[in-house]
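Asker: Listed below, chain by chain, are the residues.
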Amino acid sequence: MTVSDELYQQVILDHNRSPRNMRALANATHQAQGINPLCGDEYTVYLAVDAGGIIREVTYEGHGCAISKASASMMSQALAGKTIAEAHGLFDAFHALVLGKAEAATPPCELGKLKVFSGVWRYPARVKCAALSWHAMKSALDGQGKTSTEDAL
Amino acid sequence: MRTEATGYPIERIRADFPALQQRIGAYPLVYLDNAATSLKPQSVVDTVCRHYREESANIHRGVHHLSQKATEAFEGARDKAQAFLNAARREEIIFTSGTTGGLNLVAHAFGAGLKAGDEIILSTMEHHSNLVPWQMLRDRTGCVLRFIPITDDGQLDLAAYDAMLGPRTRLVSVVYVSNSLGTVNPVARIIRAAHAHGARVLVDAAQAVPCRPVDVQALDCDFLVFSGHKVFGPTGVGVLYGKYDLLDAMPPFLGGGDMILSVTLERTVFNALPNKFEAGTPHIAGVIGLGAALDYVRGIGLDRVAAHEEGLRAYATALLAAIPGVRLYGTAPEKSAIISFVLEGVHPHDIGQILDSRGVAVRAGHHCTQPVMQRFGIPATARASFSMYNTRAEAEQLAEAVRAVKEMFA
Ligand SMILES: Cc1ncc(COP(=O)(O)O)c(C=O)c1O
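Chains as they are written, first to last, in our numbering: chain A, 1 to 153; chain B, 1001 to 1410.
Derived from the structure by calculation, the hints contain no laboratory data.
All figures in this text were calculated on a predicted structure; none of them were measured in a lab.
Careful: at least some of the hints might be erroneous.
As the list claims (entries may be wrong) - In silico DSS-like pairs for lysine-lysine, Cα to Cα no more than 27 Å straight-line:
1. K101(A) with K82(A)
2. K1406(B) with K113(A)
3. K101(A) with K115(A)
4. K1406(B) with K115(A)
5. K82(A) with K115(A)
6. K146(A) with K82(A)
The whole structure should be built from the sequences, with the hints applied where relevant.
Answerer: Spelled out as structure tokens, the structure:
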């Protein structure tokens, strides 16, 4: 397998080229910044959660490599319409996936398209790239303003 | 096309570096991260091993045979470092843990003589290790830090520097060769100007000593620091050169064994130079290994290395500049073979990753020079840094790999 098969799959390159939902969110109910001090990548993730606890919209702004940008882009799509509990479940499943421990994740969660990140664990330096916006999302839901990959992983 | 300058023993040099004989997956290793650290010749590996195998003993304190052999080898390395820098006296060579260790030593020991309002001139081009210790000193003493700006092509703005010098300037501490831009700074000129104002000058020669002859007496610098691991020696060891009278007048930095003449419970008489600044058991194997590395470099000749690398720099720069979308950072007329670049639409980390998948090792990031990145308004660059064992064919492999990245992200 080459690095492009494993890491830079077409879906990831496509999201890097045209990231979805990459903007600030004026009516955000939750937001948090995620930074990776080792490489300088940083994203702010915004969520709009309605009174019923449903995530209506997820957006983000910031900069980083293709892996971190595609991850943020696909996360923003995957979380829209989910409950907060489902978002936490998806976080755990995604986290396990990029650490190469997907089988161990319980309960098994529907990762769908996010499975394109299944090769990331073979590149330890890049795990934090894939997980960056997810950690920011979790911090936002947990009411923390800021997260660093150095604390989180 | 593998045409190195005639007479340059590239094949022999490459054969001396065991790490170069590896493959990374299907590709031969193309090691272009020499600014981070250099590979080690077999002679250095052997010297370090032999020390641990045959003469592992502490130095300066044993009457027994092994201790004497280790002490001889250790002090022999000091002579080699003295010759390497053309220092006037062997006592002017202080072994440290590296460039960072040397800079912190000077910041403490020379810094002890500074007071509020005294000025230190640094540059915007410095490695974090030549910024942070001075910020810490500023916070302890109230001295003032000033920064020479960088021009658009990556040179120090010397007019701005000249205007900064004044009666309060006590120290100028600047990098000789920039590790992120490759600029070779006119340190002799910088030193002359500082001396005209009675200021002392420290030169960070971490990236200079592996690629050009450095003569501390010709430069007339007051202090100079470098790391062993960037000049083909072991990690964890380095050299601080300082003019004898200056070092002699400075208080010690670390206290402990070896730096004393006599100790009572109340007071200590410090040892003479160089021991005054070498408290505790040093990295003996590392220092001896550094001696072997300096021997190796002298055997090749830094003039020849400099000429070889200048050819590589020009060739690789032209190859990269010819790729549409590549932007080079650091285009000063005087440059070493350190090439920082970005590729439009591709983050440097992705460049580094894909190059790695083709066996090409480069560094991506801010290279411990965040103020340089801020100056140019970019988060990071990819950096290819060449050394004495690199070839034009490797420059071609780099360029080819960068083209592949571009295609992949198109
Ligand atoms: C110009 C420069 N100064 C200082 C340093 C710090 O060297 P060390 O980490 O070996 O102490 C480096 C190494 O990256 C460097 O390139």
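Asker: Keeping to a limit of 27 Å between CA atoms, is the pair of K82(A) and K115(A) held or broken?
Answerer: Holds, because 18 Å separates the two Cα atoms, which is no more than 27 Å.
Asker: Take the C-alpha atoms of K101(A) and K115(A), compute the straight-line distance between them, and say whether it is at most 27 Å.
Answerer: At roughly 13 Å apart (the allowed maximum being 27 Å), K115(A) and K101(A) satisfy the hint.
Asker: Hey, K1406(B) versus K115(A), does the alpha-carbon distance stay inside 27 Å?
Answerer: This hinted pair holds, its Cα atoms lying about 25 Å apart.
Asker: Regarding the pair K146(A) and K82(A), is the alpha-carbon distance no greater than 27 Å?
Answerer: holds, 23 Å
Asker: Starting from K101(A), check that the Cα of K82(A) is at most 27 Å away, please.
Answerer: holds, 23 Å
Asker: For a C-alpha distance cap of 27 Å, please report whether K1406(B) and K113(A) respect it.
Answerer: holds, 25 Å
Checked against the numbered hints given earlier, the structure satisfies every one of them.
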